[in-house]
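Here the protein sequences line up with chains Y and H, keeping their order.
Residues in the first sequence are numbered consecutively from 1, following the numbering used here.
Residues in the second sequence are numbered consecutively from 1, following the numbering used here.
None of the hints are false.
Chain Y side only, calculated, beta carbon under 8 angstroms to chain H, not exhaustive:
hint, residue
1, V60
2, D146
3, G166
4, D190
5, P255
6, S274
Below, simulated DSS-like cross-link-like pairs (lysine-lysine); rule was C-alpha separation at most 25 angstroms, straight line:
hint, chain 1, residue 1, chain 2, residue 2
7, Y, K248, H, K125
8, Y, K285, H, K316
9, Y, K285, H, K193
10, H, K125, Y, K243
11, Y, K278, H, K316
12, H, K285, Y, K275
13, Y, K275, H, K318
14, H, K293, Y, K285
15, H, K216, Y, K275
16, Y, K278, H, K278
17, H, K318, Y, K278
18, H, K305, Y, K278
19, Y, K275, H, K293
20, H, K24, Y, K248
21, Y, K285, H, K8
22, Y, K278, H, K216
23, Y, K275, H, K278
24, H, K293, Y, K278
25, H, K305, Y, K285
26, Y, K278, H, K285
27, Y, K248, H, K19
28, H, K77, Y, K248
29, Y, K243, H, K143
30, Y, K169, H, K193
31, Y, K285, H, K7
32, Y, K275, H, K305
33, H, K164, H, K8
34, H, K318, Y, K285
35, H, K143, Y, K248
36, H, K316, Y, K275
To spell it out: a stretch of chain H is covered by chain Y in this simulated footprint if at least three of its residues, at any positions, have a beta carbon under 8 angstroms from a beta carbon of chain Y; those stretches are:
hint, region
37, 134 to 148
38, 177 to 187
39, 272 to 279
If you're looking for bench data, these hints aren't it; they were derived computationally from the structure.
We put the beta carbon where it would ideally sit given N, CA and C, even for glycine.
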Amino acid sequence: MTGHHRCAKKALRYNSQSLRREEMDILVCLKQVPDTEADIRPTSDMTAIDYTGVKFIVNVYDEYAVEEALRVREKVGGKVTIVSLGPDRAVEAIRTALAMGADEAVHLNDPALLDGDAYTTARALAKAIEGMSYDLIFCGKQAIDDDLAQVGSILGELLGLQTVTGIMKFELVDDGKKARVHRQVEGGMDVLEVPLPAIFTATKGLNEPRYPSLPGIMKAKKKPLKTVSLGDLGLSEEEVGAKGALTKVVRYSLPPMRQAGTIIEGETPEEKASKLAKALREEVKVI
Amino acid sequence: MKDGAVKKVAYEILGAAKKMAEQKGEPLCAVMIGKDVEGLAPGLGAYGAEKVYVIQGDSFARYTTGAFTKALCDLVKQEQPSILLFGASINGKDLSARASGRLGVGLATDCTEIGLDEAGNLKVKRPMFAGKVYAEVVFSDRKPQMASVRPNVLGLPEADESRKAEVVKVDVQVGPDDIGLEVVDFVEVGGGKIDLTEAEIIVSGGRGMKGAENFKILEELAEVLGGVVGASRAAVDAGWRPQSDQVGQSGKVVSPNLYIACGISGAIQHLAGMGTSKVIVAINKDPEAPIFKKADYGVVDDLFKVVPALTEEVRKLKAQS
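All chains, full assembly: derive it from the sequences and hints.
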């Protein structure tokens with residue numbers, strides 16, 4: 001355990017107002033990703049993704065994370081802080097989360113931090129979070145660009161916290177000392193009780209994220225947004241980004257093109273169904 | 001593991017890993033963790049495992065990240081494998097991610113090809129952006145190099161039932177501190193059906209289904225085919241199907257042998273999520289629907305007539321054989 005998650009002052013506040021539930025410091029890890037509508041293609045040399053003309057959004061699963069953090073704060077009070085690693089353009093996604101209602105943000109922005117893998121991203125996030133006060137951390141289940149689904153788990157390992165991945169329901173129990181969550185597993189949900197602080201990664205179904213309101217968007221512009229560089233984190237270039245990565249993409253490709261196949265002709269729906277069943281059985285032998 | 005049987009993806013991985021082990025001249029070993037799994041271990045020999053490490057006990061009756069990570073990582077530290085592979089199931093992804101953090105090694109998620117480079121290091125191919133793009137991934141020298149493998153992609157290897165694997169029981173003690181949380185309940189959803197990512201046949205419905213009650217005809221077709229029902233984002237967002245049924249970029253990426261899309265137009269996010277299916281059938285009354293460009297077989301007609309007729313035809317064909 002890092003021991004940083006509850007500062008002395010907070011413990012005092014908790015003792016002196018034991019009748020009131022303690023306010024919570026909630027962190028949300030957030031990534032800016034290309035829109036789900038975007039057509040993604042490699043560059044002509046196939047060594048990178050061509051982001052020309054691509055629109056960026058808050059990672060879909062991170063929106064659920066932000067929403068859940070806001071709901072917890074609305075219940076028990078406290079503060080929601082966004083922590084995001086990304087290039088300059090990631091500020092837009094951070095501002096969106098602030099416009100939804102998050103209180104402040106930390107942006108890990110340094111060329112050396114980019115083009116890493118899940119491990120180096122988690123390492124940088126862990127280093128930033130170690131110095132912050134937190135009771136609860138939400139992440140998205142996975143980023144919809146690299147689809148790795150690793151950062152929340154590795155972050156837990158580095159911070160000495162439990163990570164529960166893919167939650168669909170969250171509630172505080174035991175005076176806010178624990179969370180009771182539903183974790184999506186094969187065929188159903190595991191119901192788990194987890195002592196806090198802990199990390200939870202959100203999946204679809206957890207909640208319905210709010211849209212930023214116009215006043216929210218105005219307010220977001222004035223909310224504190226701190227930029228953190230590699231030097232501020234106290235990490236070396238060899239530990240982060242492309243240099244520190246444990247995996248590396250050497251080549252991108254497009255999926256094999258599927259040819260449009262046969263349109264089944266027939267006089268009636270029944271005739272078409274019959275021909276289709278026969279083709280599936282005799283031609284491609286899948287039934 | 002599921003319901004007291006070895007998952008198919010484990011055999012698929014053994015088939016591919018056997019070739020890699022032969023190339024490297026290293027033994028191919030499997031790891032089984034569960035309450036009482038020993039009986040299944042020798043059978044993995046048929047698919048190429050020489051040795052099976054068995055870690056069993058009450059602490060492993062249900063999957064918990066803490067207990068399974070501790071058991072696996074202690075074994076890995078002792079045996080020092082060069083490559084470690086997982087099935088990319090929900091828990092396989094959870095376990096591999098946590099283990100990569102604990103071991104400080106690289107991990108590629110949900111791979112569709114696994115093999116070796118010239119130097120004998122793991123090299124994989126994996127989809128990104130839900131399959132809009134594929135990436136070839138290499139690893140740093142830190143061992144084990146790790147990957148999770150997507151079910152239903154690599155194909156089943158030939159089984160040689162005469163071969164039995166050597167079983168090595170490993171004693172691992174895990175305590176409450178290792179688990180760190182309490183499993184208080186399990187809530188079944190969808191009648192305990194197989195997860196979409198591992199299904200061999202999926203019958204999926206979209207906006208054209210017009211309502212939750214109409215999915216009954218897809219359930220019936222799925223039942224005669226031995227498959228499961230999936231849904232497009234539109235159908236899930238409309239509240240017709242649970243979120244766990246969603247196929248596509250913000251849902252599940254699937255690769256069944258047969259994918260039947262009913263009343264699904266084929267948005268880019270959906271096409272990315274099912275594009276690696278072996279055979280795709282589209283049933284839609286709109287001949288311009290983009291799904292037809294991806295489909296091996298298309299039926300342009302009213303799905304409410306075609307689907308029940310297809311169910312009947314399949315029932316007849318199955319009765320004949």
